[in-house]
Structures are given as structure tokens and as C-alpha cells.
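**Q** Here is what each chain is made of, one letter per residue.
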Amino acid sequence: MRYTETGYNLEIDLATGNIEKVETDPSLLETHLGGLGTSVKLHWDRVPPETKPFDPENLLVFSAGLFCGTPAFSANRTIISTISPQTNLLAYPMMGGFLAAELKQAGYDKVIFKNKSPKLVYIYINNDKVEIRDASHLKGKGAVETQELIRAELNEPRAQVSAIGLAGENRCFVASIEQSRSSASRGGAGAIMGDKNVKAIAVRGTKDLYLARGVEFMEIMQGVRDYYKYRNENPIPQVMTILSGIGSPQEMYHTDEKWHTESFAWGNARERRKNFWTKEIEEGWTDLQLKTVKRLISCYNCPQQCGGVINYPGVDPYMMKCFSKLTYAMAAWVDNLDFSFKICKDAFEYGVDSFSTPQILAFAVELYEAGIFTDKDFEGCPSDNEGRFFWLLEKLARREGIGDYLADGTYWAARRIAADRNDPRALEYDHNTTKKHEQMNIKLGMMDPLYFLMYGTNEKISITQIEGNWPQAPFPDKQDRIDFVKDWPQLPDEKFKKYFIDWEPRGEMANPYYPTAEIASEIVDWMEQVHNIDDALGMCSGLSGFCLKPPYHVHVYPKLISAATGVDIDEAGLKKIVNRNRNLHRAFNILRGMRRKDERPPEDHWKKRFPEIEEHLLDVYYKFKGWNNDGIPTKERFHELDLDYVYEELKKRGMYEDGQD
Amino acid sequence: MKMAKIKKKIKTIRVKADKCNGCRACEIVCSGFHASPKYDVINPARSRIQILTHRLQNIFFPVFAGEYTPAECMGREIYVIDEKEYEECAFCRATCPSRDLFKEPDSCLPLRCDMCEDDPPQKEPLCVQVCLNDVLTYEEREEEVEEEENVNLVEVGLRSLIDKHGFDTLVDTMVRMAEKG
Numbered sequence: 003m004r005y006t007e008t009g010y011n012l013e014i015d016l017a018t019g020n021i022e023k024v025e026t027d028p029s030l031l032e033t034h035l036g037g038l039g040t041s042v043k044l045h046w047d048r049v050p051p052e053t054k055p056f057d058p059e060n061l062l063v064f065s066a067g068l069f070c071g072t073p074a075f076s077a078n079r080t081i082i083s084t085i086s087p088q089t090n091l092l093a094y095p096m097m098g099g100f101l102a103a104e105l106k107q108a109g110y111d112k113v114i115f116k117n118k119s120p121k122l123v124y125i126y127i128n129n130d131k132v133e134i135r136d137a138s139h140l141k142g143k144g145a146v147e148t149q150e151l152i153r154a155e156l157n158e159p160r161a162q163v164s165a166i167g168l169a170g171e172n173r174c175f176v177a178s179i180e181q182s183r184s185s186a187s188r189g190g191a192g193a194i195m196g197d198k199n200v201k202a203i204a205v206r207g208t209k210d211l212y213l214a215r216g217v218e219f220m221e222i223m224q225g226v227r228d229y230y231k232y233r234n235e236n237p238i239p240q241v242m243t244i245l246s247g248i249g250s251p252q253e254m255y256h257t258d259e260k261w262h263t264e265s266f267a268w269g270n271a272r273e274r275r276k277n278f279w280t281k282e283i284e285e286g287w288t289d290l291q292l293k294t295v296k297r298l299i300s301c302y303n304c305p306q307q308c309g310g311v312i313n314y315p316g317v318d319p320y321m322m323k324c325f326s327k328l329t330y331a332m333a334a335w336v337d338n339l340d341f342s343f344k345i346c347k348d349a350f351e352y353g354v355d356s357f358s359t360p361q362i363l364a365f366a367v368e369l370y371e372a373g374i375f376t377d378k379d380f381e382g383c384p385s386d387n388e389g390r391f392f393w394l395l396e397k398l399a400r401r402e403g404i405g406d407y408l409a410d411g412t413y414w415a416a417r418r419i420a421a422d423r424n425d426p427r428a429l430e431y432d433h434n435t436t437k438k439h440e441q442m443n444i445k446l447g448m449m450d451p452l453y454f455l456m457y458g459t460n461e462k463i464s465i466t467q468i469e470g471n472w473p474q475a476p477f478p479d480k481q482d483r484i485d486f487v488k489d490w491p492q493l494p495d496e497k498f499k500k501y502f503i504d505w506e507p508r509g510e511m512a513n514p515y516y517p518t519a520e521i522a523s524e525i526v527d528w529m530e531q532v533h534n535i536d537d538a539l540g541m542c543s544g545l546s547g548f549c550l551k552p553p554y555h556v557h558v559y560p561k562l563i564s565a566a567t568g569v570d571i572d573e574a575g576l577k578k579i580v581n582r583n584r585n586l587h588r589a590f591n592i593l594r595g596m597r598r599k600d601e602r603p604p605e606d607h608w609k610k611r612f613p614e615i616e617e618h619l620l621d622v623y624y625k626f627k628g629w630n631n632d633g634i635p636t637k638e639r640f641h642e643l644d645l646d647y648v649y650e651e652l653k654k655r656g657m658y659e660d661g662q663d
Numbered sequence: 092m093k094m095a096k097i098k099k100k101i102k103t104i105r106v107k108a109d110k111c112n113g114c115r116a117c118e119i120v121c122s123g124f125h126a127s128p129k130y131d132v133i134n135p136a137r138s139r140i141q142i143l144t145h146r147l148q149n150i151f152f153p154v155f156a157g158e159y160t161p162a163e164c165m166g167r168e169i170y171v172i173d174e175k176e177y178e179e180c181a182f183c184r185a186t187c188p189s190r191d192l193f194k195e196p197d198s199c200l201p202l203r204c205d206m207c208e209d210d211p212p213q214k215e216p217l218c219v220q221v222c223l224n225d226v227l228t229y230e231e232r233e234e235e236v237e238e239e240e241n242v243n244l245v246e247v248g249l250r251s252l253i254d255k256h257g258f259d260t261l262v263d264t265m266v267r268m269a270e271k272g
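Those protein sequence lines, which keep their order, are chains D and W. Under the working numbering, the first residue of the first sequence is numbered 3, with each subsequent residue one higher. Under the working numbering, the first residue of the second sequence is numbered 92, with each subsequent residue one higher.
Looking at chain D on its own, in the form it has when it is part of the complex:
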């Protein structure tokens, strides 16, 4: 009997059409938990480092998290993993929605795609019946539209469908995979799905999922739910509204956007507009949002309502969530929210990443203004900011004209344009990427040790999936800091309270000197760890790793895992498992060439940089993590994590210079 997991993966060879239901090794639950953890293990075991993103051997894995389908609220993530066409590293974009639980109820933990289909297909999984179906009639259809068409075609309104749009079919490096109100965006998994000629996956499941000790699990969940209620009723007073609650940012609910619009950078992640949020803007935006968001909606088994049903005149209904409400408007320098509600529909149907894409479009505008792109490149493009973005977005999704550059993201586009046009100036406009991936549009003053490490070193390469449990900035008033730490049961250790109380906005106990490298390492390690647990369990980080004082944390997770799986895991044991997963992931990326030189936040992320402090931070952090000076886990570290076989592989492949293991 398998508990919490189904114990089966679905393996689909797209070249031959062979479909197999394969029982998985039960011991993997104890070594890698599930979700991202067991997926990383799959990639490690099966995908050699020579594999390129668009090679048939690159696996595309859809994985439910371990807790998906259980009564643990907000456990609804589908973790998609594949070698990213943009970063050439193992990406793992995730989406909420409803697919993961449905997959578990159909009897599978993961769907593993290998090779490529000779023609466009979609997969229909209905419990034990799995079909590869022709999708030629869906070619070019929108990612949202396709979900409805497939449900109608199958006459199964309860099927959960995830699909790619035109951008995925055209192998755009920023292509997303859309599903219900969610999307798996970061890293271009949609391009790999398109390359494999899979338009969509539809799932209907009506099987049982088993818990080992169900009553005990529900008793622990009662405590989690009580805390959830408490947090909703008690927003954190010392921080701005958007950060004060739980859930992913409540962008469909909150209308006050002063913080995002004035603190984040507009255009191609360039400038802050410190007096943007006027009374007139506030009234106009609020009125429009309240009229347009018809209902707040949630993902599977989640009481939070981070999404919205959008009804905007002249635009077919669709769903929106999170920061996409603002990214296009800010990148395009458009001051009205109407533009957002219009262009997001196009973006979601094309299926593109709402973080990267707006920056890429703004990058194109900058190249045009600099004369690197010419009038001929922009022939037919409207001259107003809004029209220009609609035009550029379509070019990108279709890979038409300059869109073929843009579809590769700013890093690769800048290099290809510089080479093709013999104009190295293009390189300067790729200024906001780390490891070739567009970062959050934030430009700040003083280097921040915590964010330096998180931006630079994490395998996610996307800050919102790394940060969260620690406040973004120190509170100016010491009494506020003392009050804040009084009720902080999520901390892994009491000593963290002192770290926070001591942290000042200015002076010696402030950035960039404090938190010290040693303290920063401990704090970052803890935050990353929570996210790694979330990603193995399929938990939305909005109720865990991404927000302050969340209901799920390092002390409650082991109890829930033990009750659900019947495998008794304590806090140290859980920490070891997720460290194993993280180091295995890193080893996979190391074999693909990732090194210390790549671990840098964008150069202009902060105005004031401190090269010596930054090098020291990396030195200390690497040592703390058990990595050598080039960021490669050491022999000893691998041994502690029962990963000696990984060490042997790295050594065999010459990853260690003499004495550096």
C-alpha cells in the first residue's frame, strides 16, 4: 500500500506512442520525498549532461507534489521540470490550479515525456485509460481557449487541462504552460512542450488516494487552519498592505498599488516613479479593478483567493492572478490599467511568462530608440506605447521579424542582434538577467546581503520562489522589531530573533554590513529550505515559503508528512532530504557548466555595490552549504547526504580541480 503518493508514474514515449504505467521505487519517498525532489532524481538518472534543451532526450516531467490531493489546503502545485532553452539548466516552473490533484486521483504522481511526437497531439488521461490524440485542429489556438475546446471535445467538463499557446508551439524561450487560473512560466517549459509537439494534457481522475493516518493528519491540519484564520484576521502591522497577509500577493483583491508602482522599476526594469500613485490614478484604477474583477477565485483546496475572473468590455472572459496585473503596463510606460486587462488576455492565450516578456518588449523599444532596431524592423508598428506592445507581443509569439530575436529572451536576443547587426551596443540592453533569465524589475540603492545570495545562487533563479519568510527590510523602530519577533513560531531557531532585532536601516548594523555573511547564510539557507519543502510537497509558497509568518513551516511539516505517509520523519530528517534534493539539483547544473562566475545578481540591481563584501558573502555562504569555492558541493557534503554516487560522477567528469573536492 502506498500512502500520499500513488506509487505510479506515467511514461510516454512520444516518438513511438508507447505508454506505460510504471510503479515507482517506494524508498524514494524517504530519500527525495516527491514533487521536485523525485523529479530532480529522475533527470539526474536519465538525462546526461550533453543533452541540449531541444534534444529528444530532454525529459519533460509534469509532477504532482507529494501533498497534492490530500486535505492539506493549498497543496496544489504541478511542478514541471525540464532543461530550460533559456538557461540551459534544470528549470522547474510550477503552477497552481487543479491539475496536480486530478492527476493523483487518476492514479499517477508524474507524467514523464520523452522524445518528440511526429505531429501535434494532446494527451487524455482518464484513470487507467490514456490516449495520445490528434491536436492538428488545435494548432495556433490560445492556451486558455484550448482548455475549453478540449473539455467540450471530450464532453468532460470536469477534466483539468493544461495547454500551450502559439508561443510554446513556436518554441519561444519564454513560453508558459497555462492551466485554469495558473501558469507555469519561468524558464520556458512551454517551448519544450511545443518542441515535443504536445499541445495539451487533459486529466480526469476518480480513484482513491490513501493517507496512512488520516485522523491524525486532520488533527494537525486543524491547528494549521486555526493559525491560517488567525493570520487572516491579524495582518502584520509593520509592513505595507500587500506584504501583511498570507497567500500570494492579493493583486486581484487589493487596489492599492502604491508600493508596486512606485517601488518597482518601469520600462525595461529601468526607472522608479516615486510620485506615480496620485489620487487621480488611485481612483481610476480602483474603480476599474472593482468593475473588472467579477469574482475572486482560488486554486484547488485553497481558501485564499489570489485569482480573479476578468470581464473587460470587448475581451473574452479570462482569469488573472498576481503581478501580471502590472508588469505589462509598467514595462510599456502606460498609466492606465485598462491596458493591462486587455494585453494580459493576449499574453495568456499566446502563453508567455508575464515576468520576462514585458521586459523583453521594453528591451525592443529601447533598441529601437537607440537606433539598433530600425524603422524597417518596426514597419507596421503603431507609434503609441500601448499599440507598440500589442504589436511586439504578437511578433514575439509568432517569431516573426524581430520577434524571432525577442522570443529568445533579452540575454540571447542581445547577443544575436549584436552579432547580426554588427552592433555590440545591443549587449548593454541586457542588464537585468541572472543566468540568462530576466529578474524582477527592481532597482534599489544599497546592496543587501540576503538578496545578493538569493538572487545569485538559488537553483530557481527567480526571487519570488526563494524569498519570503524574512522581512524584506528592517523596521526603522526597534520597538516594532521587538514586537514582531514576539510571535514568530516559524523560525528554525530562537537566535534568529536577535538577528532581526539587531538589524537597522542605517549604520554599521545595516546593509551591506549586516546581516553578516555568517548570519545571512543561516537566514537564506532557512528560506531556501522552506521553498524546497514546498516544492517537494506541491505546496503553494503563498501559504508557506513566500510570506511572513505563514501557516506551514519547518516545525509543522514533519508532523504532517509523518501522518500522511506513515514514514516518520523529524525536523532534522526533513532538512536532510531537502538538502539532498537541492544538492542533487545543483550537481545536475554543475555538470551543465554552472559555476561561481554565473552567481551574480544583475549589475545594476543596486546602485551601491561592494565587490569585496560580495565575494566574502559567496565564500562564506558556499562554505556554509558545504560547497567548494567554485560553488560545487564537496565530497564530504555529498557523503553526508548519501550522494556519494553523485560525487563519483562529478569527479569522473572532471568537475573538481586538484584538491577542490
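It is possible that part of the hints are untrue.
[Unchecked claim] Calculated pairs, DSBU-like style, for lysine-lysine (alpha carbon to alpha carbon, straight line, at most 35 Å): (1) W:Lys100 <-> D:Lys231; (2) W:Lys194 <-> D:Lys578; (3) W:Lys175 <-> D:Lys296; (4) D:Lys296 <-> W:Lys102; (5) D:Lys209 <-> W:Lys175; (6) D:Lys577 <-> D:Lys116; (7) D:Lys610 <-> D:Lys116; (8) D:Lys260 <-> W:Lys194; (9) W:Lys214 <-> D:Lys344; (10) W:Lys107 <-> D:Lys231; (11) D:Lys561 <-> W:Lys110; (12) D:Lys209 <-> W:Lys98; (13) D:Lys551 <-> D:Lys610; (14) W:Lys102 <-> D:Lys131; (15) W:Lys96 <-> D:Lys296; (16) W:Lys175 <-> D:Lys141; (17) D:Lys551 <-> D:Lys497; (18) D:Lys121 <-> D:Lys209; (19) D:Lys577 <-> D:Lys445; (20) W:Lys129 <-> D:Lys43; (21) W:Lys271 <-> W:Lys194.
[Unchecked claim] These stretches of chain W come out as covered by chain D in the derived footprint (C-beta under 8 Å, 3 or more residues): (22) 107–117; (23) 148–162; (24) 212–219.
By construction, these hints were calculated from the structure, which means they are not laboratory data. Ideal Cβ positions, reconstructed from N, Cα and C, are used throughout, including at glycine.
Fit chain W to the known structure of chain D by using the hints.
**A** Frame of chain D; chain W shown alone:
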């Protein structure tokens, strides 16, 4: 015959469908609570509450499992409420042959909401407890109803036949049917 009036506790769940966010937590907990052993099996397809969902049409509509019926009804009407279209079936609680709603997925036996009255007694149904957006509200009220007389339904049927055909005809028919086996 004059029936006695008695007080009966009426249990209802008020459904504010406009507040439903479609999360299906109610379906999950319902299936777990009615599993044996409790919560060791989760399967929303076994739930006695189902959220009818058409997200793009902004339809999120919780329905509870009601009576079993052996035959389809004639209801095929379309209702338009607040510019949203509902089939008549959307509002129906019946386990009926025309749809697979409210049937155990393996045996097809009908499911029926029992207000979580089985062991252990709950202060309110589980779906109400887990709905943190207050879509479902449990209400109890007392009503005076006529006491139902326990009647033998077979006797009621036979008496109606005797009334119509006479006692001898009925006996002759019964004997003939018995001889035929």
C-alpha cells in the same frame, strides 16, 4: 384520522453561491469524512457535495446529493440568471440515470448527503467547517409537522386492489400466479 403534531429538527445548509471561489475543499473533506477508516481515503468523486464549475462563465455552484431516482425527469430547461446560463440539471440534487453525479465511482451506488450525522456526531457538517469563505452556513430550525403513522405499504396497496376488484378476484389471481411459479 387526526394526526398528532410533533416538533422536528430541520437541518439546512444555506449556500451563498456568489461567494464560492471554486476551491473544492468541501468535496475533499466530505470524501474523507465518509471514508472508512475516516480520512484514510480521499476522493472528491465520492463527495456528496459537488461544485459545478464553469470558470470563464463565472459559474461556481455547490450542489448537495439528494434522493435516488430510477428514472430521468423531463427537465431540459435552460435558466438564465444574471446573464449566466444554467441547465435545469444544475440545480438538481438527484442521483439519476442521466448523469454520473453523486454515484460511487466504482459501484455506481447512489450517494446522499447525510449532514455528517454518522459517528462521531458533528456540530455542523464538515463541508461547512472547512469552507473558510462562508459560502456554506449550517442552520437548524424546529418545525411542527404532522406525525407520520407507520403504515404497512403492502397492505395499503392490497387494500386499494380489493377496493377496485373485490376480495375473491384478488385471491384467485394470487393463487394462479403462485401455481405458475
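**Q** Each hint needs a verdict: does it hold in this structure or not?
**A** Here is how each hint holds up against the structure:
1. W:Lys100 <-> D:Lys231: holds (31 Å)
2. W:Lys194 <-> D:Lys578: violated (44 Å)
3. W:Lys175 <-> D:Lys296: holds (13 Å)
4. D:Lys296 <-> W:Lys102: Holds. D:Lys296 to W:Lys102 sits at ~32 Å (cutoff 35 Å).
5. D:Lys209 <-> W:Lys175: With Cα atoms ~32 Å apart, D:Lys209 and W:Lys175 stay inside 35 Å; holds.
6. D:Lys577 <-> D:Lys116: holds (31 Å)
7. D:Lys610 <-> D:Lys116: violated (46 Å)
8. D:Lys260 <-> W:Lys194: The given pair, whose Cα atoms are some 51 Å apart, is violated under the 35 Å limit.
9. W:Lys214 <-> D:Lys344: violated (47 Å)
10. W:Lys107 <-> D:Lys231: This hinted pair holds, its Cα atoms lying about 20 Å apart.
11. D:Lys561 <-> W:Lys110: holds (33 Å)
12. D:Lys209 <-> W:Lys98: Violated: D:Lys209 and W:Lys98 sit about 42 Å apart, past 35 Å.
13. D:Lys551 <-> D:Lys610: Distance ~30 Å between D:Lys551 and D:Lys610 Cα, so the pair holds.
14. W:Lys102 <-> D:Lys131: violated (41 Å)
15. W:Lys96 <-> D:Lys296: Cα-Cα ~48 Å, so violated.
16. W:Lys175 <-> D:Lys141: holds (30 Å)
17. D:Lys551 <-> D:Lys497: holds (16 Å)
18. D:Lys121 <-> D:Lys209: It holds: about 31 Å lies between the C-alpha atoms, which stays within 35 Å.
19. D:Lys577 <-> D:Lys445: Status holds; Cα separation ~33 Å.
20. W:Lys129 <-> D:Lys43: Holds, at roughly 34 Å.
21. W:Lys271 <-> W:Lys194: violated (38 Å)
22. 107–117: holds (count 6)
23. 148–162: With 3 residues close enough to chain D, the hint holds.
24. 212–219: Since 0 is below three, the answer is violated.
Of the hints listed earlier, those the structure fails to meet are numbers 2, 7, 8, 9, 12, 14, 15, 21, 24, in rising order.
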